[in-house]
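Peer 1: When the letters of the sequence shown are read in order and numbered with full-length UniProt numbering, they come out as residues 1 to 413.
These are computed hints drawn from the structure, not numbers from a lab.
A few of these clues could be false.
[Unchecked claim] With a straight-line cut-off of 25 angstroms between C-alpha atoms, the simulated DSS-like cross-links for lysine-lysine are:
(1) Lys172 with Lys160
(2) Lys14 with Lys43
(3) Lys27 with Lys172
(4) Lys59 with Lys14
[Said to hold, decoys possible] Computed spacing ranges between beta-carbons, pair by pair:
(5) Asp174 with Lys147: 25 to 31 angstroms
(6) Val33 with Ile319: 44 to 50 angstroms
(7) Ala410 with Gln116: 22 to 28 angstroms
(8) Leu166 with Lys385: 46 to 52 angstroms
(9) Leu166 with Lys365: 22 to 28 angstroms
(10) Ser286 with Glu216: 32 to 38 angstroms
(11) Lys77 with Glu386: 27 to 33 angstroms
Treat the numbers as computed from the prediction; the structure is a model and nothing was measured.
For every residue, glycine included, the Cβ atom is placed at its ideal position computed from N, Cα and C.
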Amino acid sequence: MYIKYEKLEKLYYKSKKLDEEYEKRIKDSSTIVTNLMIYSEYKKKQVPLFFKFLPKHFKLQEEIYKNSKKIELEFQKLTSLMMFYTVNKLFVNEILYTNKVEGIHSSKKAIYSELQNKTSKKKFSKKEKLVGIVKKYENILKNKEEKIESSEDFRKIYEKLFIDFLESENYKLDGKIFRKDGVEIKNDAMEVIHRGILGEENIQKEVEKVIKLLNEKEIPSLIKISIIHFFVEYIHPFYDGNGRFGRYLLSMNLAKYVGKYTALSISYMIAQNKMKYYKSFKEVESKYNLGEITFFVENILENVIEGQNSILELIEKTIEKAEYMDKICEEIENQRKDVKKIEMQILYIFIQDYLFNEFEKIKNKDIAKIPNLNKTQQTINKYTKELEKKGFIKKVSSRPLRYEIESWIAEKF
1 MYIKYEKLEK LYYKSKKLDE EYEKRIKDSS TIVTNLMIYS EYKKKQVPLF FKFLPKHFKL
61 QEEIYKNSKK IELEFQKLTS LMMFYTVNKL FVNEILYTNK VEGIHSSKKA IYSELQNKTS
121 KKKFSKKEKL VGIVKKYENI LKNKEEKIES SEDFRKIYEK LFIDFLESEN YKLDGKIFRK
181 DGVEIKNDAM EVIHRGILGE ENIQKEVEKV IKLLNEKEIP SLIKISIIHF FVEYIHPFYD
241 GNGRFGRYLL SMNLAKYVGK YTALSISYMI AQNKMKYYKS FKEVESKYNL GEITFFVENI
301 LENVIEGQNS ILELIEKTIE KAEYMDKICE EIENQRKDVK KIEMQILYIF IQDYLFNEFE
361 KIKNKDIAKI PNLNKTQQTI NKYTKELEKK GFIKKVSSRP LRYEIESWIA EKF
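Based on the sequences and whatever the hints tell you, model everything.
Peer 2: Rendered as structure tokens:
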């Protein structure tokens, strides 16, 4: 049995022996004392953020890496089309929820359309301003690693992430790299709950410390990226977009150290646990906490695991549906001897589209691109006409050419 490890603030109200316990924790051999400083109201001076390794943290990290491998293995059980639709769902949700955490409305349709590079002709393109954020998260999906070696790299990421917003007053930066003036965060009652670091020179110094920690090889990756997530928000280097910027960095680092699918579930899970997430930020800065970040890191690791579990649950449900789908397809094949093998393969694609695609119906030209089918669009068009004649599918649009399964098949699901 392990002795319960409590928050310093709680211990203060219990025994008042705060200084004694603080010294004990910060000097412990299992404690990581960072070079990132925050102001302590109790000490009336800057104190370093510190993290105390507990047995449960080893277990949490182990579970994260194990889950990541499991996700990769489970994805291999899906067809390429099912996998494509499942990843699309994760991608759209991640952007939807990183915006939602900040109270910014986005529609799934708009995010998906931007992912497919179709927003140029859509009215919601300019309104929802998704070009930058979609492109940056797409880099994660494509395993494009971004190196952060200087403060300028922070600025470059910010500008690309919010390329649609840079003309808006709140996103304009008046310093050489970061904001020049002060910034405050207020709660719903308009009370100031945090003030970002003052002065661009100070901001730059603190960002350089973040970069140094990010490239530190001695600290476990999941621990350091969680600490960095807090401190970027603490610095608040920009006037607006700090939350989304911080969560993008967290996703980017999760992709690098754990896996891209894990990276596409963190904002979704933070949004589900929003109150706890914000509370953990607040607790790090509380008067009697003295810079301890142990419980904040724990909260981030738990969110990562919950996000991974949500992916595994989604894949499991997809596999269950797929198994039932296979039975239905076998029934159809046995009952309808007039269906050719290639027609059955194409029908199987339309059934997958019906069951797993949340967005626009699949186009014939996209069917021609599916691996292992090896058919031209002309050939696909020929067989979809046959399937339509035989009452399996119906046309939903001519330009582009799209079909969907007939209602008698849909009713089987």
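Peer 1: Look at each hint and say if it fits the structure.
Peer 2: Consistency of the hints with the structure:
no.: 1; hint: Lys172 with Lys160; in the structure: holds, 13 angstroms
no.: 2; hint: Lys14 with Lys43; in the structure: holds, 19 angstroms
no.: 3; hint: Lys27 with Lys172; in the structure: violated, 43 angstroms
no.: 4; hint: Lys59 with Lys14; in the structure: violated, 29 angstroms
no.: 5; hint: Asp174 with Lys147: 25 to 31 angstroms; in the structure: holds, 27 angstroms
no.: 6; hint: Val33 with Ile319: 44 to 50 angstroms; in the structure: holds, 46 angstroms
no.: 7; hint: Ala410 with Gln116: 22 to 28 angstroms; in the structure: holds, 24 angstroms
no.: 8; hint: Leu166 with Lys385: 46 to 52 angstroms; in the structure: holds, 49 angstroms
no.: 9; hint: Leu166 with Lys365: 22 to 28 angstroms; in the structure: violated, 35 angstroms
no.: 10; hint: Ser286 with Glu216: 32 to 38 angstroms; in the structure: violated, 26 angstroms
no.: 11; hint: Lys77 with Glu386: 27 to 33 angstroms; in the structure: holds, 31 angstroms
When the structure is compared with the earlier hints, violations turn up for hints 3, 4, 9, 10 and for no others.
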